[in-house]
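Using numbering that gives the first Met the number 0, you'd call the opening residue of the sequence shown number 0 and step up by one each time.
No wet-lab data here; the hints were simulated from the structure. Any given hint might turn out to be false.
In silico lysine to any residue, SDA-like type, Cα no more than 20 Å apart, as pairs [to be verified]:
1. K44 x G20
2. K44 x P118
3. K125 x K39
4. K44 x I13
5. K185 x T146
6. K129 x M89
7. K156 x L124
8. K39 x Q65
9. K44 x L77
10. K162 x K44
11. K162 x L152
12. K125 x A153
13. K129 x A153
14. K125 x S160
Computed from a predicted structure; not experimentally measured.
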Amino acid sequence: MENYQITQWCGMFIRRQVREGDLCIDATMGNGNDTLLLSKLCGEKGRVLAFDIQETALINTRERLQKANAPENYTLLLDSHHRMEQYADMETVSCIVFNLGYLPGGDHSMATKGETSIPAMEQALKLLKKGGLLSLCIYSGGDSGFTERDSVLAWLKALDSRKYLVIKSDYYNRPNNPPVPVLVIKL
0 MENYQITQWC
10 GMFIRRQVRE
20 GDLCIDATMG
30 NGNDTLLLSK
40 LCGEKGRVLA
50 FDIQETALIN
60 TRERLQKANA
70 PENYTLLLDS
80 HHRMEQYADM
90 ETVSCIVFNL
100 GYLPGGDHSM
110 ATKGETSIPA
120 MEQALKLLKK
130 GGLLSLCIYS
140 GGDSGFTERD
150 SVLAWLKALD
160 SRKYLVIKSD
170 YYNRPNNPPV
180 PVLVIKL
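Model the full assembly from the supplied sequences, consistent with the hints where possible.
What follows is the structure, given as structure tokens:
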């Protein structure tokens, strides 16, 4: 049976999107799961930029990539995702991945916040090439931010429908504020 956790759900669409040679961004590297997926998908000829503000995330991701013998096509950046436009050119990126919330097993006070996540997503849309994919896993509840979830969803709803297709899903029958998967395709 398939695993339909939010990251695996979004991963199905990421696998359909990313091709050998693509440039991809993991905007919130965390423990490196998405960085590893993107690295394998874009291959030796591609490139992955991965961002996090926590050194622990960088260390965990580097270890995960090395253990998995990932292609050496990645750059791990100890920097905020709201500065990603300083590392890539406009309309050159195939796929950008965000997991909003906090580092699993990490400091909950270091959670993402709408005031930096939304500007980062605005940059992400500029960096995406036509047909590019923005994948969002929005975690909320507890101490990780209904405020961020609500502000991000309001921002997504207001995107120009002639420029972006926004697909929001729900884990409709799951209790306790389940995560919200969202895909944005640049038209």
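The hints, checked one at a time:
no., hint, result
1, K44 x G20, "holds (4 Å)"
2, K44 x P118, "violated (29 Å)"
3, K125 x K39, "violated (24 Å)"
4, K44 x I13, "holds (18 Å)"
5, K185 x T146, "violated (26 Å)"
6, K129 x M89, "holds (11 Å)"
7, K156 x L124, "holds (14 Å)"
8, K39 x Q65, "holds (12 Å)"
9, K44 x L77, "violated (23 Å)"
10, K162 x K44, "violated (29 Å)"
11, K162 x L152, "holds (17 Å)"
12, K125 x A153, "holds (19 Å)"
13, K129 x A153, "violated (23 Å)"
14, K125 x S160, "holds (15 Å)"
Figure legend: structure checked against the earlier numbered hints; hints not met, in rising order: 2, 3, 5, 9, 10, 13.
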